[in-house]
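Peer 1: Using the sequences provided together with the hints, build the complete structure.
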Amino acid sequence: MSHRRPDWCARVAKALAVAVGIAALGGAAAPAAAQQPVKITLWHAMGGARYDAITKDIAAGFNKANPEYALEPLYTGSYAETVTKAIAAIRAGNPPHVIQVFEVGTQTMLDSGAIIPVTEIVKPGAINFGDYIEPILNYYRVGGQLYSMPFNSSTAIIYYNKDVFQKAGLDPNKPPATYKDVEEMGRKIVSSGAARAAITFGWPSWMLEQSHAMSNKLYADHDNGRSGRATRVLFNEPFGVEALTRWKRWADEKLLAYGGREYAPNKAFLSGEVAMLMQSTSQVTTIEKAAKFPVGTGFLPRIEGQPVGRSVIGGASFWVLKGSGRSAKELDAIVKFFKFVAEPEETAKWHEDTGYFPATKTAVALLTKRGWFAQHPNHETAFKQMQQGIDSPATRGVLLGNFVQIRNITDTAIEKAVSGKLSPKEALDEAAAESNKLLAEYGRITK
Amino acid sequence: MEGRFPNRMLPYALLFPSLAVVVVFLIAPAVQSLRLAFYEVSPFTGRGLFVGLSNFRVLLGSDIYRHSLEITLLVAAGIVVAGMTVSLGVAVLASQPLRGLGLYRVAILWPYALSPAVAGTIWALLFDPSTGPATLTIRALTGLSPNWMMNGAYAVWVVIVAASWKMLGFNVVFFLAGLQAVPAELREAAHVDGAGAARVFWRITFPILSPITFFLFVMNSLYAFFELFGLIDVMTQGGPGGATDILIYRLYQDAFISARWGMGSAQSILLFVMVGILTALQFRFAGRRVFYG
Numbered sequence: 001m002s003h004r005r006p007d008w009c010a011r012v013a014k015a016l017a018v019a020v021g022i023a024a025l026g027g028a029a030a031p032a033a034a035q036q037p038v039k040i041t042l043w044h045a046m047g048g049a050r051y052d053a054i055t056k057d058i059a060a061g062f063n064k065a066n067p068e069y070a071l072e073p074l075y076t077g078s079y080a081e082t083v084t085k086a087i088a089a090i091r092a093g094n095p096p097h098v099i100q101v102f103e104v105g106t107q108t109m110l111d112s113g114a115i116i117p118v119t120e121i122v123k124p125g126a127i128n129f130g131d132y133i134e135p136i137l138n139y140y141r142v143g144g145q146l147y148s149m150p151f152n153s154s155t156a157i158i159y160y161n162k163d164v165f166q167k168a169g170l171d172p173n174k175p176p177a178t179y180k181d182v183e184e185m186g187r188k189i190v191s192s193g194a195a196r197a198a199i200t201f202g203w204p205s206w207m208l209e210q211s212h213a214m215s216n217k218l219y220a221d222h223d224n225g226r227s228g229r230a231t232r233v234l235f236n237e238p239f240g241v242e243a244l245t246r247w248k249r250w251a252d253e254k255l256l257a258y259g260g261r262e263y264a265p266n267k268a269f270l271s272g273e274v275a276m277l278m279q280s281t282s283q284v285t286t287i288e289k290a291a292k293f294p295v296g297t298g299f300l301p302r303i304e305g306q307p308v309g310r311s312v313i314g315g316a317s318f319w320v321l322k323g324s325g326r327s328a329k330e331l332d333a334i335v336k337f338f339k340f341v342a343e344p345e346e347t348a349k350w351h352e353d354t355g356y357f358p359a360t361k362t363a364v365a366l367l368t369k370r371g372w373f374a375q376h377p378n379h380e381t382a383f384k385q386m387q388q389g390i391d392s393p394a395t396r397g398v399l400l401g402n403f404v405q406i407r408n409i410t411d412t413a414i415e416k417a418v419s420g421k422l423s424p425k426e427a428l429d430e431a432a433a434e435s436n437k438l439l440a441e442y443g444r445i446t447k
Numbered sequence: 001m002e003g004r005f006p007n008r009m010l011p012y013a014l015l016f017p018s019l020a021v022v023v024v025f026l027i028a029p030a031v032q033s034l035r036l037a038f039y040e041v042s043p044f045t046g047r048g049l050f051v052g053l054s055n056f057r058v059l060l061g062s063d064i065y066r067h068s069l070e071i072t073l074l075v076a077a078g079i080v081v082a083g084m085t086v087s088l089g090v091a092v093l094a095s096q097p098l099r100g101l102g103l104y105r106v107a108i109l110w111p112y113a114l115s116p117a118v119a120g121t122i123w124a125l126l127f128d129p130s131t132g133p134a135t136l137t138i139r140a141l142t143g144l145s146p147n148w149m150m151n152g153a154y155a156v157w158v159v160i161v162a163a164s165w166k167m168l169g170f171n172v173v174f175f176l177a178g179l180q181a182v183p184a185e186l187r188e189a190a191h192v193d194g195a196g197a198a199r200v201f202w203r204i205t206f207p208i209l210s211p212i213t214f215f216l217f218v219m220n221s222l223y224a225f226f227e228l229f230g231l232i233d234v235m236t237q238g239g240p241g242g243a244t245d246i247l248i249y250r251l252y253q254d255a256f257i258s259a260r261w262g263m264g265s266a267q268s269i270l271l272f273v274m275v276g277i278l279t280a281l282q283f284r285f286a287g288r289r290v291f292y293g
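These protein sequence lines are chains A and B, in that order. For the first sequence, counting from 1, position 372 maps to 372 in the numbering used here; every step adds exactly one. For the second sequence, counting from 1, position 31 maps to 31 in the numbering used here; every step adds exactly one.
Some clues are possibly wrong.
Unchecked claim - Here are the in silico distance ranges between beta carbons for each label pair:
#: 1; chain 1: A; residue 1: Arg187; chain 2: B; residue 2: Thr137; range: 24 to 30 Å
#: 2; chain 1: A; residue 1: Ser78; chain 2: B; residue 2: Leu126; range: 22 to 28 Å
#: 3; chain 1: A; residue 1: Glu81; chain 2: B; residue 2: Leu109; range: 40 to 46 Å
#: 4; chain 1: B; residue 1: Pro17; chain 2: A; residue 2: Ala328; range: 40 to 46 Å
Think of the hints as simulated: they come from the structure by calculation, not from any bench. Computed from a predicted structure; not experimentally measured. We treat Cβ as the ideally placed atom computed from N, Cα and C, and that holds for glycine.
Peer 2: Shown next as structure tokens:
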């Protein structure tokens, strides 16, 4: 396949460079080699504005503050691709020290046998995990143990175009709180011609997960896979069908302009074609910068008449990979790196650059003191949203084996339903049957 | 003249590099996937669970896989019929004595030089449901606002058009070469006998082109089956609702995104067999009609 070629060329070039490097080093004296900084590699999936934030601010900042260590960040594509590449590297026996894995990969990482739990290498007290915001910690804590280092946590909120709201005769400071609001406001927006469509959303299957959590409904059995390995998904039960039926109704009434998976729908919102966007908070900074209209944000709308839950955490965390054994120095470098990431200054900066949560209470206090939230109210929306609602198995996030593919299957089901190819119930039943097969297969091959 | 190598080992030594490449990069992985097709494999440890023909049974009984096969055949038919017809038309036009012909020919060849990712991005931007110039044009002309991220049938057409466009340069080069091989005397003689342009084309040019057409028929089919991965990945990721989920993309999803190596291997075996049969059929039925002068 031709698209593999550059990769291959790069590898040859790298091999040559290494060979030349070794030849050059051969001349150097042994003591000089001893002073070489300890190298640790980090594979991440941060594209766009986040690329600079992680390479220039975080990695370069860490290296400057710790000359005895050299952290090498490497962009390895999307989240799913990063996990795939890490699996290949683990099997080849040469994985990176640290890898950024999205929440969907949690179960896979837990079962990989290739990781070192964070709490095993961080000495008690070295990092104050108690300072982390509870829901974030709860996502990555399984059976009471924290497995990975929280880094970029997000959740979903609603973004809206204040100009369009005004034009449609709506209060530009009042985002919809429920699906019913979305429908009523949406009809006004479309019929007044203020925008061509009312709403769109990214990460469709994540939004289905969010809608479950917001109404305190389980998405999979065994407490969302947290009290035992999940064997069955529950999204085709009446609640999931209700949620998808609402989306279908939006599509039928031409309120919904479905715009594809992940971040593709941002374009429709930014162009002013669509008035509202349900999307990850990781896009706050990007959207605010790109929008040519005042952007408002609000809590993710919930389905009215349902019990109260809470929106669920998304984003990713850092996992430590064993490889063929790590030296004490390497482990020390990793811990120092995690400590660096947890520093209030760094956490606050990362939040400002991206919109991901300021993950620690100290960082939030720092940002508040600086008046950041007063100037950037959209950056505070997600944080306020997380403080509402309840902590329960349904709101801690789903753990599933083969979750990447199950997400794909649910995306497909959602697309089939909103386009009218299948009824919401049929689409979800089909997806659930397929997902359950995958869960069974996962159970067979993963002990 | 038959030459002999002075050294008995030399020919083998000379052959070795290419044989090594073939064995390491083609034969070994092929044997490996043949073996894996009978296993369910744990992604991390690589530990396999022998499952016999189960992977194949699951695939052949799966509606999703059958749908994927149908889509692939539809896309392949679209590329072969629509893509090649347009290519032939363009080649005929580009073989006319025109001013600035070189410029046209370069412009026609251009798409073939683009990587699938670039081509996919261009078409995705063109047809973006909210900002794409193609969408806006369609809206201005017809009042309709097609969204290929929601409308599966439309997405399939956009993919076929993009894929055919990508192949246009390749097809046109071969058709052009073929057209230049059509003897001018034959055409002139026909004209003298009173045949119109269409008749000359169908009775003389087209039969003489048949070896080229057949070659392109096979190449375009192979392209449709094996090389659309990049385009699909950039444009639709198999969506919406699985509407463009062609076999090669499904295989990639299973093998590389989900690390289900066994299932992925079984699919690669099936794909290999299917394309083998298809090519054999092409040679058997279409190949017979080819006129090799």
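Peer 1: Going through the numbered hints above, which ones does this structure break? Give me the numbers in ascending order.
Peer 2: 3
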